[in-house]
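As you go down the protein sequences, you meet chains A and B in turn.
Numbering follows this note's numbering, with no gaps: position 111 of the first sequence is 116.
Numbering follows this note's numbering, with no gaps: position 223 of the second sequence is 821.
Simulated from the structure, these hints should not be mistaken for lab results.
Note that CB positions come from ideal geometry on N, CA and C, so glycine has one too.
Honestly, I wouldn't trust all of these hints.
With a straight-line Cα cutoff of 25 Å, these simulated DSS-like cross-link-like pairs (lysine-lysine) come out [unchecked claim]:
no.	chain 1	residue 1	chain 2	residue 2
1	B	Lys743	A	Lys185
2	B	Lys725	A	Lys185
3	A	Lys185	B	Lys716
4	A	Lys106	B	Lys721
5	B	Lys721	B	Lys736
What follows is a set of in silico ranges between Cβ atoms, one per label pair, in the way DEER data are often shown [what the hints assert, rightly or not]:
no.	chain 1	residue 1	chain 2	residue 2	range
6	B	Asp795	A	Pro96	45 to 53 Å
7	A	Pro96	B	Glu726	19 to 27 Å
8	A	Ser167	B	Asp679	24 to 32 Å
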Amino acid sequence: MSEFWNPYLPLAPGRRRALGIGAVVAVLLLWSLLAGSGLVSPVRLPAPWDVLSAFSYLAWHEGESMLFIATLWSVGRLAVAGVLVILIGIPIGITMGAAPKLNAVLSPLIDPFRSAPVVALLPILVMWLGIGEEMKVAFLFIGAVVYLIPMVRDAIQAVPQSYWIGARDLGATPWECITKAVVPMAMPRIADAVIVAFSVMWTYITVAEYVNARVGLGQLIQNARRFSAWDQVFAGIIVIIALALVTYQGMNWAKRRLYPWETQQ
Amino acid sequence: MSATSSPAAVSIAIKDIVQEYPAPSGGVTRVVDGISLNFERPGINMLLGPSGCGKSTILHMLGGVRPMGTKTPTSGSILIDGVECHGAHDDSVMVFQRYANRPDLTVFENVAFPFRLKLWREKIAEKEWRQRVAEMLKAVGLADKQQLRPAQLSGGQNQRVALARALVLRPRILLMDEPFGALDAQTREEMQRLLIDLYKAAPCLVVFVTHDVTEALMLGDRVIVLSTQPARIADDFTIDAPRPRSTEWQRSAEAIRFEERILSQLHKSSAGKGAVRVTI
Ligand SMILES: Nc1ncnc2c1ncn2[C@@H]1O[C@H](COP(=O)(O)OP(=O)(O)O)[C@@H](O)[C@H]1O
Ligand SMILES: [Mg+2]
Numbered sequence: 006m007s008e009f010w011n012p013y014l015p016l017a018p019g020r021r022r023a024l025g026i027g028a029v030v031a032v033l034l035l036w037s038l039l040a041g042s043g044l045v046s047p048v049r050l051p052a053p054w055d056v057l058s059a060f061s062y063l064a065w066h067e068g069e070s071m072l073f074i075a076t077l078w079s080v081g082r083l084a085v086a087g088v089l090v091i092l093i094g095i096p097i098g099i100t101m102g103a104a105p106k107l108n109a110v111l112s113p114l115i116d117p118f119r120s121a122p123v124v125a126l127l128p129i130l131v132m133w134l135g136i137g138e139e140m141k142v143a144f145l146f147i148g149a150v151v152y153l154i155p156m157v158r159d160a161i162q163a164v165p166q167s168y169w170i171g172a173r174d175l176g177a178t179p180w181e182c183i184t185k186a187v188v189p190m191a192m193p194r195i196a197d198a199v200i201v202a203f204s205v206m207w208t209y210i211t212v213a214e215y216v217n218a219r220v221g222l223g224q225l226i227q228n229a230r231r232f233s234a235w236d237q238v239f240a241g242i243i244v245i246i247a248l249a250l251v252t253y254q255g256m257n258w259a260k261r262r263l264y265p266w267e268t269q270q
Numbered sequence: 599m600s601a602t603s604s605p606a607a608v609s610i611a612i613k614d615i616v617q618e619y620p621a622p623s624g625g626v627t628r629v630v631d632g633i634s635l636n637f638e639r640p641g642i643n644m645l646l647g648p649s650g651c652g653k654s655t656i657l658h659m660l661g662g663v664r665p666m667g668t669k670t671p672t673s674g675s676i677l678i679d680g681v682e683c684h685g686a687h688d689d690s691v692m693v694f695q696r697y698a699n700r701p702d703l704t705v706f707e708n709v710a711f712p713f714r715l716k717l718w719r720e721k722i723a724e725k726e727w728r729q730r731v732a733e734m735l736k737a738v739g740l741a742d743k744q745q746l747r748p749a750q751l752s753g754g755q756n757q758r759v760a761l762a763r764a765l766v767l768r769p770r771i772l773l774m775d776e777p778f779g780a781l782d783a784q785t786r787e788e789m790q791r792l793l794i795d796l797y798k799a800a801p802c803l804v805v806f807v808t809h810d811v812t813e814a815l816m817l818g819d820r821v822i823v824l825s826t827q828p829a830r831i832a833d834d835f836t837i838d839a840p841r842p843r844s845t846e847w848q849r850s851a852e853a854i855r856f857e858e859r860i861l862s863q864l865h866k867s868s869a870g871k872g873a874v875r876v877t878i
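Chain A extracted, bound-state conformation (with noise of 0.2 Å):
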């Protein structure tokens, strides 16, 4: 117990594991516990042995996987989302970054959207861009794009002036002393903002797919609560929360293969 207030302390991966699992393992008997107990009345929280037979319904029912296909779509948007939020949030994070002009001018019209209420948006976008994937996909964009910008900014700005120097000094252009010595060094924090906005993204999906979707993990969730099917919206929900998660974990891991002098600095 004299070890348990340590941050430094290093815990075994096997240890840091065995407790994760433990942890959601109590979770699972805490839930069974309260639904089959009849403690909380299956209509307020379905069993999770009835969130498994929801999902092994979804999954395969009829010789169609509707999981599959809606997991698919709502892959699909995302990823279109994410590719127009890299190809165009970091050059602008990355300019306004570079030039303290630009910033003064970007900035009071971006950062004031990360705390705006987004979802607020979406009448508007649906005014603006109709019902169809377009929609959705600039809602996701603009989701995380505000996130995105202002972080890949900040990670131009922490770089320290001494390799702006130093590369000035060589006789680099200040193009060059941004393009060949700020940005390469920015980049392990340009990757965390890609993986936030990848996880920011996740969290409006259902949002994004809630109108007019006719197939989609989002929909999916929304048909299920039409028809008071809790154990479907629960088995939707934890796949988008599993499908978040990979997406995270798998970003983070190349993140740390490209960038493995990051943590070595």
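Here the structure of chain A is known, so what remains is to put chain B with the ligands in place on it, guided by the hints.
Same frame as chain A, but now just chain B with the ligands:
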């Protein structure tokens, strides 16, 4: 490293430079107060003064790099070969105390970094710079470490990388800002020896900033002592003793006379305003 490249002669004329910074209390603080100096031939010139006296400010002016948005110099001019210098120029290369080695690049890539820039790519063909980098890595004793990253090197080895990156360009002017200041005593001596060897192989005009009296005496052909707040020239003398200078020389009457001369000058001009270091 070969001695084939003849020392490209270069001169620096500093004319009455003044540097003022905005003071926290409003108004301005004069940091450098009308310094004039001439450097006319290859040699190791030591700029010695207490911490915070304005040495880095002067060196940045010589390199033409402005760390902040301030105008440098406030007044006065710096001429290189008679041409007034505004902004960065490719005659000089700087080596800083905080080596700006890139953690994401290998030792080789760090030394070869200048050749990623248009300026040097246009001047020097790839075949030639690759050869130069290889020679330079050998000269600083890092030939077997070229695939490592800075985090895998010691402080002294990192400073070797920084030195190699500067010298691979064969600059006519080498500006060093307390390059060995953060190293332990033994490593610092090793690096001083290395610098002397590299200098002998390819002499250039070195302006070396330090607050270490011993370092100034061990390395300098010429020692310029600066007073502090504001910086003025308190003393300026040459040392003829051949390099490398032994510890015996360090204890000789000549060296002790120099040391006392420096300390008494600093005492007179800036008593109680910042410290110099004397390593024994
Ligand atoms: N950009 C700046 N703005 C305001 N004051 C500065 C700036 N740069 C340096 N100074 C001040 O000028 C003085 C000299 O600094 P510097 O040249 O770094 O000294 P040294 O290299 O001799 O230690 C210090 O008192 C420092 O605080
Ligand atoms: Mg300094």
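So, going through the hints one by one against the coordinates:
{"no.": "1", "hint": "B:Lys743 / A:Lys185", "verdict": "23 Å, holds"}
{"no.": "2", "hint": "B:Lys725 / A:Lys185", "verdict": "21 Å, holds"}
{"no.": "3", "hint": "A:Lys185 / B:Lys716", "verdict": "11 Å, holds"}
{"no.": "4", "hint": "A:Lys106 / B:Lys721", "verdict": "34 Å, violated"}
{"no.": "5", "hint": "B:Lys721 / B:Lys736", "verdict": "23 Å, holds"}
{"no.": "6", "hint": "B:Asp795 / A:Pro96: 45 to 53 Å", "verdict": "47 Å, holds"}
{"no.": "7", "hint": "A:Pro96 / B:Glu726: 19 to 27 Å", "verdict": "35 Å, violated"}
{"no.": "8", "hint": "A:Ser167 / B:Asp679: 24 to 32 Å", "verdict": "28 Å, holds"}
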